[in-house]
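2 protein chains.
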Amino acid sequence: MTERTSNPTAAMLVIGDEILSGRTRDSNMNHLARELTLRGIDLREARVISDDHDAIVAAVRELLATHDHLFTSGGIGPTHDDITAEAVAAAMETPIDVRDDARAILAAHYEARGVELNAARLRMARIPDGATLIDNPVSAAPGFSLRNVHVMAGVPRIFEAMLAGLLPTIPGGRPVLSQSLRVERGEGDVAEPLSELARAHPTLAIGSYPFTENGVSGTNVVIRGSDGAEIEAALVQLSGWLEA
Amino acid sequence: MTERTSNPTAAMLVIGDEILSGRTRDSNMNHLARELTLRGIDLREARVISDDHDAIVAAVRELLATHDHLFTSGGIGPTHDDITAEAVAAAMETPIDVRDDARAILAAHYEARGVELNAARLRMARIPDGATLIDNPVSAAPGFSLRNVHVMAGVPRIFEAMLAGLLPTIPGGRPVLSQSLRVERGEGDVAEPLSELARAHPTLAIGSYPFTENGVSGTNVVIRGSDGAEIEAALVQLSGWLEA
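Chains as they are written, first to last, in full-length UniProt numbering: chain A, 1 to 244; chain B, 1 to 244.
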């Protein structure tokens, strides 16, 4: 059961046909999830959609209506299927064009490497009016934050670098704490005590995850919340019940 | 750009707080994507949502309205946070209760192991009226197909086994073929030829994915479609342009 805290909420939009065809395995969602958890921002939903203008516009609008922040990954490179910036601008009814600050970053980067800043590369300087650039220390072409929508690259190394620069600028909440207990019994045997525990501690999120390792089956119980003392108390209570 | 074929379409719903907190890395989405691609079923969207009844009901209804099939993973175990079956039944306005055929499967499985079929485990026999069971050769507790919604376990080994049994029962489409070309030039250098290629072959999906390996940077171009001869023609055309 999701713990309903007063923490900021977030959604993620992963954009790319290559994820939906199975060619590429997304890793940005897991990375973002971990980083947001550490900062006390609750990731409530993540979606993977294709490189399709209307699909991006619809998803941006829907997810923004119900979350404090939206993080996107993918579709901001120089090729014809890189349409995320345009679609986000359309969804938020904001004009978009090549912006001088972004162009200067690209010009300096490519000039230092003797590479032409051609029309395709210049598309990466298209930034919506009023957006703040997100630094790309890997390959220069910036992401951007347009109000509470944070648009980043799909290449994991670049996504992670952009996020590292972005996150300190976003107010977090109370970090979600968690403790886990490894129990060498099946989920079916711990289900009733866990259910009681959940009733006794409605502010905690109590999850159970079956495992089988080296022929031993059991359950990892994870207790999450923002109050460390209550998590500890729940853990002690559960241990007592399981030993009884 | 997504190729719009006449193939059946699908969406996926991954259900689980542990994915959104980053504790667990989902692998079922990539597995499903690959399997569906092989069978000519177009995965158009995937969502990760939390163990929340209302969120599941809303997502099931929304995704069903626009796709031929919906595949879910997670939330069908014996514990209090396993609420997928109830939520899917609610979304589809179908009664759900312990069903004799599912109970018999569980009873035989646990009896053979000397394990009690307690109330928690019996919850796994709750199956909506009219649903077809999906075989679970790993741990017995079945999934189910309720019309075009296919409800499976979250544990990857079980999800994969269930899917292997399920997929042959679902009519597929024309398998999506793909060829790729490794080009040792940046995306910005191949963007214009790729854009022309996409215009010349509107039924093909042309993607580009930058790579850096051992200090060499370049672009993997992937051409996908259902007509092998056209893919081949596009590839020859692109190679010619890049050599020119």
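Hints are computed from structural coordinates only; laboratory data are not their basis. Heads up, some of the hints might be wrong.
Simulated restraints on C-beta separations [stated by the list, open to error]:
{"id": "1", "chain 1": "B", "residue 1": "Gly130", "chain 2": "A", "residue 2": "Gly240", "range": "42 to 52 Å"}
{"id": "2", "chain 1": "A", "residue 1": "Ala164", "chain 2": "B", "residue 2": "Thr203", "range": "58 to 68 Å"}
{"id": "3", "chain 1": "A", "residue 1": "Arg113", "chain 2": "B", "residue 2": "Arg34", "range": "53 to 63 Å"}
{"id": "4", "chain 1": "B", "residue 1": "Val98", "chain 2": "A", "residue 2": "Ser217", "range": "15 to 25 Å"}
{"id": "5", "chain 1": "A", "residue 1": "Ala229", "chain 2": "B", "residue 2": "Val98", "range": "52 to 62 Å"}
{"id": "6", "chain 1": "B", "residue 1": "Arg147", "chain 2": "A", "residue 2": "Arg147", "range": "56 to 66 Å"}
{"id": "7", "chain 1": "A", "residue 1": "Ser239", "chain 2": "B", "residue 2": "Ala104", "range": "28 to 38 Å"}
To be clear about the criterion: a stretch of chain A counts as covered by chain B if any three or more of its residues have a C-beta under 8 Å from a C-beta of chain B, and this derived list gives those stretches [claimed, not checked]:
{"id": "8", "region": "30 to 36"}
{"id": "9", "region": "67 to 76"}
Just so you know, even glycine gets a beta-carbon here, dropped at the ideal spot from N, CA and C.
Are A/Arg113 and B/Arg34 spaced within 53 to 63 Å by their CB atoms? violated (36 Å)
When you take the CB atoms of A/Ala164 and B/Thr203, is the distance between them in 58 to 68 Å? violated (41 Å)
Is it true that the C-beta distance of B/Gly130 to A/Gly240 lies inside 42 to 52 Å, as the hint says? At 44 Å between Cβs, range holds.
Determine whether the Cβ-Cβ distance between A/Ala229 and B/Val98 falls within the hinted range of 52 to 62 Å. violated (39 Å)
Status of the given 28 to 38 Å range, CB of B/Ala104 versus CB of A/Ser239: Roughly 36 Å apart at Cβ, these two residues keep to the hinted range, so it holds.
CB-CB spacing for A/Arg147 and B/Arg147 relative to the 56 to 66 Å hint: The hint (56 to 66 Å, Cβ to Cβ) is violated, given that B/Arg147 and A/Arg147 are roughly 41 Å apart.
Given a hinted range of 15 to 25 Å, is it respected by the beta-carbon distance of B/Val98 and A/Ser217? Since B/Val98 and A/Ser217 have Cβ atoms about 24 Å apart, the given range 15 to 25 Å holds.
Confirm or reject the coverage of the region 67 to 76 of chain A by chain B under the rule of 3 or more residues with a beta carbon closer than 8 Å to the chain's beta carbons. violated (count 0)
Given coverage of the region 30 to 36 of chain A by chain B, tested with a Cβ cutoff of 8 Å and a minimum of 3 residues: holds (count 7)
When held up to the earlier numbered hints, the structure conflicts with 2, 3, 5, 6 and 9 and fits the remainder.
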